[in-house]
Amino acid sequence: MKAFLQGRWFGHPLHPMIVHVPVALWTAALVFDLLTFNGIGGNALVQTAFYAIVIGLIVAVLAILTGLAEYWDILPDQPAHRIGAYHMGLNVVVFALWSVSVALRVDTFREAQTVGVVPLAISILASILLMISGYLGGRMIFDRGIGVQRHAKEDGRERMAQRGVPTQAPEGERA
Amino acid sequence: MKELLQGRPFGHPLHPFLIHFPIGLFVMSLLLDLMVRFGTPSNALVQGAYYTLLGGVVTGIIAALVGLADFVDIPSGTTAKQIATGHMALNVLMLIAFGASLYLRTETLGGTTVPNLPFMLSLAGIALMGISGYLGGMLVYHHAIGVGRHRENEEARP
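Chains as they are written, first to last, in my numbering: chain A, 376 to 550; chain B, 726 to 883.
Keep in mind the hints are simulated off the structure, nothing from the lab.
Heads up, the beta-carbon is just placed ideally off N, CA and C, and yes, glycines get one too.
Don't take every hint at face value.
[Stated by the list, open to error] Computed spacing ranges between beta-carbons, pair by pair:
(1) B/G836 x A/K377: 46 to 52 angstroms
(2) A/V468 x B/T803: 37 to 43 angstroms
(3) A/P545 x B/P734: 15 to 21 angstroms
(4) A/G386 x B/P734: 27 to 33 angstroms
(5) B/P766 x A/I507: 38 to 44 angstroms
[Unchecked claim] Now the stretches of chain A that chain B is said to cover, found in silico as 3 or more residues with beta-carbon under 8 angstroms:
(6) 465-472
(7) 486-500
(8) 525-536
[Said to hold, decoys possible] So these bits of chain A aren't anywhere near chain B, every CB distance computed over 12 angstroms:
(9) G382
(10) V436
(11) Y446
(12) D448
(13) V475
(14) V481
Hey, can you work out the whole structure from these sequences and the hints?
Set out below in structure tokens:
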């Protein structure tokens with residue numbers, strides 16, 4: 376199950392692929408909010424922002440499950456473990472903020488011409504936290520090598536280590 | 726300039742960060758197309774699909790330019806270079822498909838559904854993006870392109 380969620384069958388970690396969708400859609404929702412708040416786009420963009428947040432939340436559930444499977448294999452003594460913990464903590468807050476935002480929008484989005492002040496503020500805050508969290512996620516890959524070479528057909532870990540390129544051991548090396 | 730486009734000052738390549746936006750927006754645009762074609766016809770969602778597609782094309786062009794900075798540093802004759810070349814070619818085709826889809830929508834932007842041709846073009850774009858994205862993932866996770874790069878000095882670069 377863990378191996379499945381990590382993307383072993385796919386030959387490529389699943390979490391970084393799935394997160395594209397919520398990251399982009401929530402950021403897009405902020406852009407649509409800023410537009411409607413300034414009187415641009417009207418109800419079409421109010422609805423678009425709403426669906427962007429909802430689709431983002433649905434896909435984020437998959438991102439959480441696959442993310443937990445990734446986190447499980449990062450040993451507590453690895454530097455990436457702490458980055459991972461912050462990444463996870465921030466994402467829980469981000470997920471909660473967008474959920475609240477949806478609850479605030481659900482009654483009005485079919486008619487409203489503009490976004491409310493509170494949902495807009497939530498969009499701004501959640502997007503900032505998401506960018507910080509996303510940066511931490513990227514650092515885990517590109518600075519710490521999490522997921523790199525883990526499912527690779529050719530084992531290039533030694534060669535890469537000589538070049539100072541961080542990698543992650545294949546599954547099974549944790550215990 | 727190349728160093729900046731590669732994201733070295735941030736300790737994180739820029740291209741894999743930027744592509745979140747076109748990927749997510751193209752996916753959403755297609756979902757909105759599906760909603761108006763198979764669910765309820767709605768002008769709001771037709772417009773939503775149009776503007777998410779527009780956002781995807783714009784951010785996609787930016788991501789493509791930044792991706793070139795990563796491409797030029799992959800040594801020729803390697804498997805990684807072959808994969809990167811395929812990744813780039815597919816992305817160019819993908820942007821053409823989505824760009825054409827966007828263009829064909831302008832006349833029906835006031836309607837409540839999306840015509841067949843732009844819808845098919847978006848479907849083709851998503852298929853190309855799926856293959857291309859997989860190749861991009863191979864570059865990072867199998868060939869470690871961009872991984873640990875910000876820590877390398879000029880001489881040690883592969």
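Going through the hints against the structure:
1. Evaluation of the 46 to 52 angstroms hint for B/G836 and A/K377 yields a pass: the beta carbon distance comes to about 47 angstroms.
2. With their beta carbons about 42 angstroms apart, A/V468 and B/T803 fall inside the hinted range of 37 to 43 angstroms.
3. In this structure, A/P545 and B/P734 break the distance hint of 15 to 21 angstroms, their C-beta atoms being roughly 32 angstroms apart.
4. A beta carbon spacing of about 32 angstroms between A/G386 and B/P734 agrees with the range 27 to 33 angstroms that was offered as a hint.
5. Range check, B/P766 to A/I507: about 40 angstroms between beta-carbon atoms, so the 38 to 44 angstroms window is met.
6. Here's how the segment 465-472 of chain A fares: 0 of its residues keep a CB closer than 8 angstroms to some CB of chain B, so the rule of at least three is not met and the hint is violated.
7. Under the rule that three or more residues need a Cβ within less than 8 angstroms of chain B, the assignment of the segment 486-500 of chain A is violated, with 0 such residues.
8. Figure legend: the segment 525-536 of chain A, annotated as covered by chain B; annotation consistent (7 residues with Cβ-Cβ distances under 8 angstroms, at least 3 required).
9. Non-interface call for A/G382 relative to chain B: violated, since the shortest CB-CB distance, roughly 9 angstroms, does not exceed 12 angstroms.
10. The claim that A/V436 lies off the interface holds: its Cβ sits roughly 16 angstroms from the closest Cβ of chain B, which is beyond the 12 angstroms cut-off.
11. The non-interface label for A/Y446 is consistent with chain B: the shortest C-beta to C-beta separation is roughly 17 angstroms, beyond 12 angstroms.
12. Here A/D448 stays apart from chain B, with its beta-carbon at least about 14 angstroms from theirs, past the 12 angstroms limit.
13. In this structure A/V475 is separated from chain B by more than 12 angstroms, as the shortest Cβ-Cβ distance comes to about 21 angstroms.
14. The Cβ of A/V481 lies farther than 12 angstroms from every Cβ of chain B, with a closest approach of about 16 angstroms, so its non-interface assignment holds.
Of the numbered hints stated above, those contradicted by the structure are hints 3, 6, 7 and 9, listed in ascending order.
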